[in-house]
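Engineer: What follows is each chain in one-letter form.
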Amino acid sequence: MATKPKVAFFDFSCCEGCQLAAIDLTPEQLLDLLEVIDIVEFREAISEKSDSYDIAIVEGTITRDSDIPRLQKIRETAKILITLGACSTIAGINALKNFQTKAEYQQDVYPDDPTKYETTTARAVHEIVEVDAFIPGCPIDTDEFVRVVKNLVLGKKPDIPEYPVCVECKRNENVCVYEKGIQCLGPVTRAGCNARCPSNGGYCFGCRGIIPEPNLKSQQDIMQRYNLTFDQMQEKFKLFLERNKEVFPDGK
Amino acid sequence: MSAQTPEFVITKKDLLQGLDKALADYQVAALTKKDDRVLYDIIKSPTEVVFDYQPTVLSPKKFFFPQDETILEYTADGKISAKIEAKPTVLFGIRPCDLNGFKILHEAFADDHGDPNYLAKVEQTVVIGIDCEKICDKDAFCFKVGSQDATGGFDLMLYEIADGYAIEIATDKGSQFISKYLTTSKANGDEITSCQAKKAANFGQEKPFKNLAKLPELFEQNKHHAVWDQEGSRCLSCGSCIMVCPTCYCFDVGDEWQLNLKKGERVRKWDACMVTPFAAVGSGENFRHTATYRLHHRINRKFNFLMKKHNQAVCVGCGRCVRACLADISPKRIAEAIGADS
Ligand code: SF4
Ligand code: SF4
Ligand code: SF4
Ligand code: SF4
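Protein chains in written order, with this note's numbering: chain A, 1 to 252; chain B, 1 to 342.
For the record, the hints were derived by calculation from the structure and aren't laboratory data. Check the hints yourself; a few may be wrong.
[Unchecked claim] Some, not all, of what chain A presents toward chain B, calculated at C-beta under 8 angstroms: (1) Gln-29; (2) Asp-32; (3) Leu-33; (4) Ile-160; (5) Pro-164; (6) Val-167; (7) Cys-197; (8) Asn-200; (9) Pro-212; (10) Ser-218; (11) Ile-222.
For every residue, glycine included, the Cβ atom is placed at its ideal position computed from N, Cα and C.
Chain A with its partners taken away, still in its complex shape (with noise of 0.2 angstroms):
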């Protein structure tokens, strides 16, 4: 490799989850990504501070006006944006507090002083600046960001499947959820976890959000033939899907 891309992680409103899920290599593999990348800014592992960068790593959910000019500053500085997590990528749970009326989540938030800290909708990357590429999940799975940064450094496609966490389910050889009685929204849920949550005695609640073209009447049909009413249905897709206008066409 002729010269390293710099890589710079920055953070919004978020767990900073996703920046450790990125790290959790063994000691071999982290001096590997090290030889192929030079990271040059990462609040959760080093102090350093750059203003030149090639891939900048977003992660958080935009939630406060004041963001805006920053995530538009690592754009302009930036070749390639590519978002870190659910929060980023699809606004994640952050965008729970959509559902509310702003006046609603402050004072749940702050009852004492409402109006003390800047807030307002919740809002994924893409929808504020232009996104290279998407990493999902809540939390990320380091292997996928493995292969994404591989592939970006090779010049090749970041591969993030576009068919369901279904696959991976069944690739797996799991008994479907739907049998014990469990809903789940694989059925309509981007693979690329090897189906996480469905394989260790859970069931998938869409945190990588939704596939394209997702059937999503058939998937509501489903929901209500195995004994979920409307409300509770809607309940399981508000935990990541707010931004989803095919799940929520009237959110904000």
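Starting from the known structure of chain A, arrange chain B with the ligands on it as the hints suggest.
Structural biologist: Here is chain B with the ligands on its own, set in the frame of chain A:
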């Protein structure tokens, strides 16, 4: 099916002992329990074998054609080597639908192209089938497509008799396995015939589609039948039906470099013609851009296009896709809608 003459019978106890002996030289895969699942998996002791058949999520094709398989290894400075992995394996207790599935898999991977990774596994595998005395569940329809009896795909076939099994030998590999591992006694010769009589009584009125042989024609004539949209509009394009099918054999091939970009592997993975991006091409077109087109394609593979090639229905009626489909889509219902049985 014409009656076979068994040469040997074996008690269940001797069979289990034989498997135990074989464990010294082979990995043995059989129907077994793991957590809350019944599946084909590698066993450590014959006591783990489940004899009472319950349909599994995945078919045993995974032992010949695994979900992921490295086929090449290479280095950045240009060294390339084929990677072929195969171990001596016994597949024990495979049922007729899946054995017929093996035949189709074999015609696809061995006869036309001679896939070395597949062939290496087949060469080292001894397949021991067990006949089904009764229909395994309400979703199975092997009897509709002529797959309730195994017509190949095995080395040895077992038929249940009082206190044991009658053994049909199909290959030299099978007879060698008997002489090396199994303590048997001479058969009377009529055991399989009586098993088949019992089976016929259990299957009762469940007969093949009246127009089984004419299915390719019927599917050709019914390209625009309303059933396609009725079923296709419910389809989630989730790919489950493909993953579980014993006769779906499409795969995708990708390169996976190590993080240091010094070495890499070429890996093939199961692919699924029912998922939206399957037929999308680089320029952005998708040749099968609706679930209805994709369903039409998949079911025609089973009962039309490939049925002509393999001279048998390429759906073996195992019912796995029916059980897996949350939208309740069934190849049997589609075949019936276009007149398979009328
Ligand atoms: S458990 Fe969920 S992801 Fe798995 S097959 Fe069922 S619906 Fe799909
Ligand atoms: S299974 Fe669903 S909720 Fe769980 S990690 Fe995968 S996409 Fe997220
Ligand atoms: S199409 Fe369905 S029923 Fe037919 S062989 Fe495949 S999984 Fe079994
Ligand atoms: S399992 Fe059912 S819903 Fe899923 S792709 Fe197959 S036919 Fe469609």
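Engineer: Work down the list of hints and note, for each, if the structure agrees.
Structural biologist: Against the structure, the hints come out as follows:
For Gln-29 (chain A), the interface hint holds, the least distance from its beta-carbon to any beta-carbon of chain B being 6 angstroms, beneath 8 angstroms. Interface restraint check: Asp-32 (chain A) against chain B, minimum CB-CB distance 4 angstroms, threshold 8 angstroms, status holds. Because the smallest distance between the Cβ of Leu-33 (chain A) and any Cβ of chain B comes to about 6 angstroms, under 8 angstroms, the interface hint for this residue holds. Hint status for Ile-160 (chain A): violated, given a least beta-carbon distance of 11 angstroms to chain B, over 8 angstroms.
The beta carbon of Pro-164 (chain A) comes within 5 angstroms of a beta carbon in chain B, closer than 8 angstroms, and the hint placing it at the interface holds. Because the smallest distance between the Cβ of Val-167 (chain A) and any Cβ of chain B comes to about 4 angstroms, under 8 angstroms, the interface hint for this residue holds. Using the Cβ-Cβ criterion of 8 angstroms, the hint placing Cys-197 (chain A) at the interface with chain B is not satisfied: the shortest such distance is roughly 16 angstroms. Look at Asn-200 (chain A): its Cβ only gets to about 11 angstroms from chain B, farther than 8 angstroms, so that hint breaks.
Below 8 angstroms, beta-carbon pairs count as interface contacts, and Pro-212 (chain A) has one with chain B at about 6 angstroms; its hint therefore holds. Hint status for Ser-218 (chain A) relative to chain B: holds, with the closest Cβ pair at about 5 angstroms, below 8 angstroms. Because the closest C-beta pair between Ile-222 (chain A) and chain B is about 5 angstroms apart, less than 8 angstroms, the hint holds.
Hint violations for this structure: numbers 4, 7 and 8, all remaining hints satisfied.
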